[in-house]
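Following the hints, position chain Z against chain E.
Listed in order, the protein sequences are those of chains E and Z.
Take the first sequence: its letters are residues 1 to 187, numbered as in UniProt numbering.
Take the second sequence: its letters are residues 1 to 187, numbered as in UniProt numbering.
Hints listed in this document are in silico derivations from the structure and should not be mistaken for laboratory results.
Just to be clear, a hint being listed does not mean it is correct.
Said to hold, decoys possible - Result set (BS3-like, lysine-lysine): computed pairs, CA atoms no more than 25 Å apart in a straight line: (1) E/K167 to Z/K86; (2) Z/K86 to E/K140; (3) E/K33 to E/K73; (4) E/K127 to Z/K29; (5) Z/K140 to E/K65; (6) E/K156 to Z/K88; (7) E/K28 to E/K119; (8) E/K156 to E/K88; (9) Z/K127 to E/K88; (10) E/K127 to Z/K156; (11) E/K29 to E/K45; (12) E/K140 to E/K119; (13) Z/K89 to E/K86; (14) E/K112 to Z/K168; (15) Z/K29 to E/K140; (16) Z/K168 to Z/K156; (17) Z/K140 to E/K156; (18) Z/K45 to E/K127; (19) Z/K45 to Z/K88; (20) E/K140 to E/K167; (21) E/K89 to Z/K140; (22) E/K140 to Z/K156; (23) Z/K89 to Z/K29; (24) E/K86 to Z/K140; (25) E/K140 to Z/K112; (26) E/K28 to E/K65; (27) E/K156 to E/K167; (28) Z/K86 to E/K73; (29) E/K89 to Z/K156; (30) E/K86 to Z/K73; (31) E/K86 to E/K6; (32) E/K168 to E/K73; (33) E/K140 to Z/K88; (34) E/K112 to Z/K119; (35) E/K127 to Z/K168; (36) Z/K45 to Z/K89; (37) E/K119 to E/K23; (38) E/K28 to E/K89; (39) E/K86 to Z/K127.
Number of protein chains: 2
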Amino acid sequence: MERLRKHIEQISPLSNEEFDNIKILFTKKRVLKNQYLLHEGDDAKYEFFVLSGLYKVFFIDENGKEFILQFAKENWWMSDYQAFFKEKKATVFIECIEAGEVLVSTLETREKLSAELHKMEYFYRIKLTNGYVALQQRIKQLLSSTPQERYEAFVKLYPDLLHRLPKKLIAEYLGLSRETLSRMYSK
Amino acid sequence: MERLRKHIEQISPLSNEEFDNIKILFTKKRVLKNQYLLHEGDDAKYEFFVLSGLYKVFFIDENGKEFILQFAKENWWMSDYQAFFKEKKATVFIECIEAGEVLVSTLETREKLSAELHKMEYFYRIKLTNGYVALQQRIKQLLSSTPQERYEAFVKLYPDLLHRLPKKLIAEYLGLSRETLSRMYSK
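Excised from the complex, chain E in its bound form:
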C-alpha cells in the first residue's frame, strides 16, 4: 500500500489517519500472465491501480481486429473508463502481459473519497487533467502524424516499455503494420 500512498502524496499529502481511511477501500489482487481483469460485456465496476506487472487495455472490432487503447505499468490507473463512470457494460478488455499485483477499487470509493476529503477530490481532478491532456495528445497524433513520428513519440514517452513489450503489441498500439515497425527498429 506504500506505493499507493506515495502516488497520492505526489499530489496531495496525507496524514496517517487519512491514509488509513483510504487504504481500507482498496483490495490487493495478484494477476497472472494472460489473465483478464475485464472482459467486453462485463459490468465495468472496478478500476485498477497497478502495483507491478504490465497490462493492455484493448478492443476488438467487428472483423476481429484488435486495437490497443492503453498500456498500463507501475503507478498507472486503468479501467474501461467510459463504462466505469457511466456504470455501463465494458466495451474493452484488460489483459495482463507481465504478471503482477493491482489494487482494486470502485466508483463508489472514488466518489466517497472525493466527497469526504477535499484533497482527494483535488488528487482525482489533477489525475484527470493529466489524463485529458495525454488523450488529446494522442488524438493529435492519430490525426496527423506519420508512422515514423508516432514511433519516435512512443520511444520518447515510454523508453522502458520498448523493451518490455512484444513488437506486435507496439505495432497495434501505434496502428502500424509489424513490417513498418520492424523497419523503424532497424533504423
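For chain Z alone, coordinates are given in the frame of chain E:
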C-alpha cells in the same frame, strides 16, 4: 452570466453569494466571425466558456494541412488544454465560425475556485471526467471506424451542428475527404 450559473448548477448547486464570488472572475467578450481567440505560439493563458456562437479548435501540420480537434458551441469549454494546464505555448488555433460571446477565465481562477470551494472542485472534476470519456471515445473511433461509421456517430452526437457547419469543416473533423462526405450526405 445566468448561462454560466445554470451550467455549473447542473453539477453543483450554488448560493447567490457563492455565485457572486465566482462570476467576478469571468470576463465577457464579444467575438466576431473569423476572429481568432488563440493563435499557435501564443501563451495559452485563457480558457473560454461559450455563451453563444460557434468555434473551432484546430492545428496545422508541417505541410499546411488543417486538422480539427474540437468544435465548441453554447455551454462548451475550450482552450489549448495541453498548453493551458502546463502553462506552455499554444500549438493550436481557436477561430470563430459564427459570431457570439464567450466568458474568459484563467488557470489561476480554476485553481482558486477549486481550492476555496469544494463544490467547484467537484464541478471541474466531473467536467473533466466527461471530457476524458469523450476523448477516449474519439480515439476508439479514429483507430477503428469506417468513414460511414464516423459520419453516423457525428450526426447522432451533434445533429444541430450538421446544419450549422460548412461541409468542409465536418470533413476535416472526421478526417474524410469532401468527396467522401458528399457521398454520405446524399445517402
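Outcome of the hint check:
| no. | hint | result |
| --- | --- | --- |
| 1 | E/K167 to Z/K86 | violated, 32 Å |
| 2 | Z/K86 to E/K140 | holds, 17 Å |
| 3 | E/K33 to E/K73 | holds, 14 Å |
| 4 | E/K127 to Z/K29 | violated, 31 Å |
| 5 | Z/K140 to E/K65 | holds, 13 Å |
| 6 | E/K156 to Z/K88 | holds, 19 Å |
| 7 | E/K28 to E/K119 | holds, 23 Å |
| 8 | E/K156 to E/K88 | violated, 35 Å |
| 9 | Z/K127 to E/K88 | holds, 19 Å |
| 10 | E/K127 to Z/K156 | violated, 30 Å |
| 11 | E/K29 to E/K45 | holds, 15 Å |
| 12 | E/K140 to E/K119 | violated, 32 Å |
| 13 | Z/K89 to E/K86 | violated, 34 Å |
| 14 | E/K112 to Z/K168 | violated, 46 Å |
| 15 | Z/K29 to E/K140 | violated, 28 Å |
| 16 | Z/K168 to Z/K156 | holds, 19 Å |
| 17 | Z/K140 to E/K156 | holds, 23 Å |
| 18 | Z/K45 to E/K127 | holds, 21 Å |
| 19 | Z/K45 to Z/K88 | holds, 9 Å |
| 20 | E/K140 to E/K167 | holds, 23 Å |
| 21 | E/K89 to Z/K140 | holds, 16 Å |
| 22 | E/K140 to Z/K156 | holds, 23 Å |
| 23 | Z/K89 to Z/K29 | holds, 22 Å |
| 24 | E/K86 to Z/K140 | holds, 17 Å |
| 25 | E/K140 to Z/K112 | violated, 30 Å |
| 26 | E/K28 to E/K65 | violated, 32 Å |
| 27 | E/K156 to E/K167 | holds, 16 Å |
| 28 | Z/K86 to E/K73 | holds, 24 Å |
| 29 | E/K89 to Z/K156 | holds, 20 Å |
| 30 | E/K86 to Z/K73 | holds, 24 Å |
| 31 | E/K86 to E/K6 | violated, 29 Å |
| 32 | E/K168 to E/K73 | holds, 18 Å |
| 33 | E/K140 to Z/K88 | holds, 17 Å |
| 34 | E/K112 to Z/K119 | holds, 14 Å |
| 35 | E/K127 to Z/K168 | violated, 36 Å |
| 36 | Z/K45 to Z/K89 | holds, 9 Å |
| 37 | E/K119 to E/K23 | holds, 15 Å |
| 38 | E/K28 to E/K89 | holds, 23 Å |
| 39 | E/K86 to Z/K127 | holds, 13 Å |
Violation of the numbered hints given earlier is confined to hints 1, 4, 8, 10, 12, 13, 14, 15, 25, 26, 31 and 35; the remaining hints are satisfied by the structure.
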